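Visitor: So you can see what is in the structure, the chains are spelled out below.
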Amino acid sequence: MANYIQTVKNLSIGFKSQKGKEISILRNITTNIKKGETVGIVGESGSGKSTLALAMMGYVKHGLYTMSGECLFNSSNLLNMTNRDLEKIRGRKIAMIPQNAGQSLTPNLKIGYQIEEALKLHTNLNKEERESKISDLLNKVRLPSPDIMALRYPHELSGGQQQRVAVAMALAGNPELLLLDEPTTGLDVTTQAHVLELLKDIAKDTGTSMVYVSHDLGAIAQVCDRVIVMYAGEIVLEGPVRKILKEPIHPYTHGLLNSIPKLSLSGLPDSMPGSQPQPGHAGEGCSFYDRCNISVEKCKDSAPKLEYISEIDTSVRCFNHQELKINKKKNSFSNNINKKNIKINEILNLNDVSITYAKQSFLDQIFNKITDSNPTVKDINININKGETIALVGESGSGKSTILKSIAGLLKNKDGSIKFNQDKVLSSDLRNRSSDDLRSIQLIFQNPDESLNPNHTVEQILSQPLKLYFDFKGEELKKNIIQLLKKVRLGEFYMGRYPRQLSGGEKQRVAVARAFAAKPDIILCDEVTSALDVSVQAAVLDLLNNLKEDLGTTYIFVSHDLAVVKAISDRVAVLYQGRLCEIGPSKNVYQFPSHPYTEVLLGAVLDPDPDIKPKLIAEDIVEEKPPENGCCFQGRCPRILGDKCRNEVPPWQIGENGNSIRCHISIKDLKSQQF
Amino acid sequence: MENRKENPKNILSKVLEVLSTMASKPSGLIGLSILFFHITLAITSPWFVPYDYKAIDPTLMLQAPSSEYWFGTDSLGRDVFTRTLLGGRIALTVTFFGSLIALLWGGLLGIFCGLVGGKIDDIVMRIVDAFLSIPWILAMLLIVSLLGTSIEVLIPALGFFYGKGIVRVARAATHDVIAKDFIASAKARGHSNMSIIWNEILPNVRDAILVEGAMRWSWMLLGFSSLSFLGFGVSPPTPDWGLMISNARGLMSFAWWSVISPIVGLSSLIIGINLTADAFAKALGIDRSTKAPV
Amino acid sequence: MFFLIFKRILLGLITLFIVSLITFVGTEILPGDACTTYLEREAYGAALEACYKRLGLDIPAYERYLSWAYNVIQGDFGYSLSGQMPINEVLGPRIKNSMVLASAAIIIGIPMALILGIITALWRDKLPDIIISTLAIFSMTIPEFISATLLILIVAIWLEWLPGIVIVPTDVTFFELLPNIILPVIAIAMIMTAHMARMVRSSVIQVMASDYVQMAILKGVPYWKMVFKHVLPNALLPAINVVALTIAWLLGGVVVTEVVFNYPGLGRLVIESISNRDLPVVQALAIILASIYVSINLIADVMTLMLNPRLKTLQIRK
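Protein chains in written order, with my numbering: chain A, 1 to 675; chain B, 676 to 969; chain C, 970 to 1287.
The hints are simulated quantities; they were obtained by calculation from the structure and are not laboratory data.
No experiment lies behind these values; they were computed from the predicted model shown.
Accuracy of the hints is not assured; some may be wrong.
[Unchecked claim] Here are the simulated distance ranges between beta carbons:
#, chain 1, residue 1, chain 2, residue 2, range
1, A, N80, C, L979, 26 to 36 angstroms
2, C, L979, A, K625, 26 to 36 angstroms
3, A, T206, B, H850, 25 to 35 angstroms
4, A, T82, C, I983, 50 to 60 angstroms
5, B, I686, C, M1272, 51 to 61 angstroms
6, A, E22, B, R801, 49 to 59 angstroms
7, A, Y65, B, I802, 35 to 45 angstroms
8, C, I1064, A, R500, 47 to 57 angstroms
9, C, I1064, A, T82, 22 to 32 angstroms
10, C, L1276, A, S132, 47 to 57 angstroms
11, A, R84, C, W1092, 10 to 20 angstroms
12, B, P725, C, A1038, 40 to 50 angstroms
[To be verified] Chain A residues, not near chain C, derived (Cβ > 10 angstroms throughout):
#, residue
13, K35
14, L54
15, L105
16, E117
17, H122
18, N139
19, G274
20, Y357
21, F493
22, D542
From the three backbone atoms N, C-alpha and C, an ideal C-beta is built for every residue, glycine too.
Just chain A, same shape as in the assembly (with noise of 0.2 angstroms):
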């Protein structure tokens, strides 16, 4: 008992529905964190592992209330104490570090202030020594002159940097136990990378007890010792992080693992069929009982319990843990993508292309001219071929989702054309684009909440392309958006239904299918997986793959995620900043990263794999705008020259294997540098 920092003994949390029913978010969850260990927390959205990390600060949020069970720290239950003790134990013994620490900063408090707060509860400093202090901890977190970040307000710091501050906070009262509610979510790869760095050092350096809390297994691979996977509000698989993230014995975190594209992997991720019960929603068996594919007749009607198993320290929920087959390391996904050679057969044409969001003063706006010698956007060339996948790929800023709004015409290019089937110019403006031009591209979304009508059904959304590019009408109509319905393997009676009515994962699906309605030869999708939950995003991406291959649709696809892009793309642009870094095959430039910051990004990719470590070789700088002059990464380039890199826009170069760059430092010398 002595070397358990927290127990958590049958807890349940959960709610009181309009009707009077209880519903359950958590259900009689059992654990221990250990003195000195860091736990990991994994789940899809709406598993219950957040309202998990607040119980165990006895934290339950509005409308929410324990059922039953106990959090223990200490020896005394957390969840009855009054607020008057816990306000000794929050921030002093156990802190939290949240998800988007840009809005759980005060906002009309300065970061000094904030953390001087909690030196002011938590320790007997006096004010010289408190203000030495938020010396120290904003240094040991990197944040940049210290002194002069105390003084900004958290609206001032970029998402890394309020990250950073909130980890400052956290430290501030030398806690025994740090709650990390998906600390990096949200953050770009490489400040993600960086991030995790960071507390991975400090849990190594303060010997403090972590639960971190994420739906990325590539975060909680770099960080945790031991690995709760949770499902359905349940704990569903317990156990260390090798065994759990490499032979995982229960089947939803093995569907999980194998859901996941990987930079490791070749092809596409295999999906899970179905989506998590909504609480409430769970059945008298298994709650994975839909969507398993090792049930047995005894999961429907009867709920396993948490067995342990002590030859592998590992706790499973599953009758049938013995019949899942391993495969043992694999070297791709069942799931191959059938890659076939593209004819050189180009469909669209960015030639020159530069887009600006900068306002035209009053003068210009008279002579009608554009003076932005810096655009968000420049000297954009790609060719891209028939029935190919090009992934435009980059950090927050860096005008790939603008690029692609461009192509759509819902954004004037400054400079430069697009040319559409080899000689047919694009016009910028949507006006005067030919019906038959408008049809042959269309755009998914990011955010399907945000892109489907929520005052439409299902059928009328459909309906609207089918209606504006073929005139379809009554029967003809509702054959043709059933078989669209089909086609992304939605039911007849979705037609009804609002998007409120979908799931996440459904509502894409509907979002796809308006997509292919219009027969397009083209299709622009918008980060359209990057809202989703892995498993999901699984199904979609294979949905998008199946559906290429019967159709030979074109994609442009622009994502973050670089194990995304590298399962579904044929080829890859990397842009920073607007600008183009570096573009070819995407088997090659995934194997062979010439451009450096090819090589930034993608070593700071994380697989689910406690041993393949990121490689950090390039700080994670935020940069507003692109530079005037000579390279648009010479801010951040591990490997610059020095002032040419700063004067000189570097020139094109090809290597053999087919992939471009831009660099003054040719590919040869390059390749030696890299590891």
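Based on these hints, arrange chains B and C on the given structure of chain A.
Guide: Leaving out everything else, chains B and C in the frame of chain A:
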């Protein structure tokens, strides 16, 4: 996620659905019942009131409530009960049609401004702001005193002055919708502007505007009865609660009954409309408590 | 930031200019002018012409607007038709009396609204909230003239605690006025408090549900410190504008309340001047009331700008 069995396809079933959501909470149910009661009363009261509302009888001045005259009589000997039953008819009619006018012009102008944006939007909103800054009561009094107090003047005048707040709401709602991806999606598909406005924008701003209209109704009723209280509303001998309160006010030290019954009538109607508007907003998922009553 | 404030002031002036145009054009296009309405049946022939000449109505409308506007900018509203005296003299004491009434209502109303709003938000869905919120709905929906009438009936007539009707000359001293304003102030403050308390409540509830308040709790910040440091500054900031709009909107309510209590303020002047068709006074009142509205909103805007750290640093960053 609630899985409603079938989608309400026609408007009627949608209305019924909203009504049943409204009635599912006690405050909404009370509001709806009061409103229903008043509307029924306004429509049917002429057929069952016990006395003639304008029959003056000097011998019956200021009688206390009795079995014959339930709420007593007023200073001209008219039956207060009869006049109270009839007193909401004009107010309801004027404010109902006034709100419709307000809804129509305010909604249309607001959507227009939200759509065009830019300079035109700026100029129109400046003018709307200027109209907002003239106290409505001053403007109304001026119009009524110069043009008279007929219904034909009151309805459009009230409709105009209460519509300027709707312009703002409709404009803000339109701005919100325009930024959504489904509009970008429709644009990229190449739908005509009219079709985008009709299919994509209107259905999504409709709720906000309707809720605003319902609120305007209760405020307009307040404004209208204030006008008649000040003697600038309907002209005597038409029974009207505001006017009745104003007339009976001076005598209330010895004939309080003649002021209480119109007060109960008017207050209950305003509270009824207000609760209904609140429940309506909640049923459509719109929070109205953060808005100023302008 | 100074640029932003300057811009707000400029917009306010533009609004006032449009108001002056609207009132001038409004009184111009409505049937009848000052002379026909004032002389009524005798409005023909020589008398009418003499009147036109005296009031300067014989010159073109735009010239009259310009000279009127010029005088107004210098603080001169011209002559009242019915009182036959400078409008400034008519307005002076009335403005003072109305200011006393309105400021008393605001001084009582705003703190009350804050306290009630915060209480209802912090004890959300518990007994204090249910009671106060129900009362608020009643007091904000019932028109001022009804609550005022009921106040007179109960406090002045039945209980005989305070004078019901104000019977004082226009130019009374402040202390003579004091007992008379208690009931009118209550009548105005009631409705204002209810409106503002409701807005404060929902604003506080919104902030209480925010991530940063949850974070403050998890940091171990004591409850009341959390309320005062983390919740209120952020909840009250957006409420400032709404409060200003509510106050401005209640100008109309002040008119009605003044009539009920026979209070010698601007409100009664509105009724009197309109009943007398005293159009110059009406124009003056429109400009004055609109200026009050514009300045209240301006003050609210400037306060929001000064208090909002986001806007404060806007200039530094760009």
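Visitor: Does each hint hold? Answer for all of them.
Guide: Status of the hints after comparison with the structure:
1. A:N80 x C:L979: 26 to 36 angstroms: 60 angstroms, violated
2. C:L979 x A:K625: 26 to 36 angstroms: Since C:L979 and A:K625 have Cβ atoms about 31 angstroms apart, the given range 26 to 36 angstroms holds.
3. A:T206 x B:H850: 25 to 35 angstroms: 49 angstroms, violated
4. A:T82 x C:I983: 50 to 60 angstroms: Holds, since A:T82 and C:I983 (Cβ atoms, about 57 angstroms apart) stay within the stated range.
5. B:I686 x C:M1272: 51 to 61 angstroms: 45 angstroms, violated
6. A:E22 x B:R801: 49 to 59 angstroms: 55 angstroms, holds
7. A:Y65 x B:I802: 35 to 45 angstroms: About 53 angstroms separates the Cβ atoms of A:Y65 and B:I802, which means 35 to 45 angstroms is violated.
8. C:I1064 x A:R500: 47 to 57 angstroms: 54 angstroms, holds
9. C:I1064 x A:T82: 22 to 32 angstroms: 55 angstroms, violated
10. C:L1276 x A:S132: 47 to 57 angstroms: 31 angstroms Cβ-Cβ, so the 47 to 57 angstroms window is violated.
11. A:R84 x C:W1092: 10 to 20 angstroms: At roughly 18 angstroms between Cβ atoms, C:W1092 and A:R84 fall inside 10 to 20 angstroms, so the hint holds.
12. B:P725 x C:A1038: 40 to 50 angstroms: 58 angstroms, violated
13. K35: 21 angstroms, holds
14. L54: Per Cβ check, A:L54 is inside 10 angstroms of chain C; nearest 8 angstroms; violated.
15. L105: Its Cβ does come within 10 angstroms of chain C, the nearest being 6 angstroms, so this is violated.
16. E117: Non-interface label fails for A:E117: nearest chain C Cβ at 7 angstroms, not farther than 10 angstroms.
17. H122: Check fails; 7 angstroms does not lie beyond 10 angstroms.
18. N139: It holds; A:N139 is separated from chain C by about 21 angstroms at its closest Cβ, greater than 10 angstroms.
19. G274: Non-interface label on A:G274 holds, nearest chain C Cβ at 31 angstroms vs cutoff 10 angstroms.
20. Y357: 15 angstroms, holds
21. F493: A:F493 clear of chain C: closest Cβ-Cβ about 36 angstroms, beyond 10 angstroms.
22. D542: At about 35 angstroms from chain C, A:D542 clears the 10 angstroms cut-off, so the statement holds.
Violated hints, in rising order: 1, 3, 5, 7, 9, 10, 12, 14, 15, 16, 17; the structure is consistent with all others.
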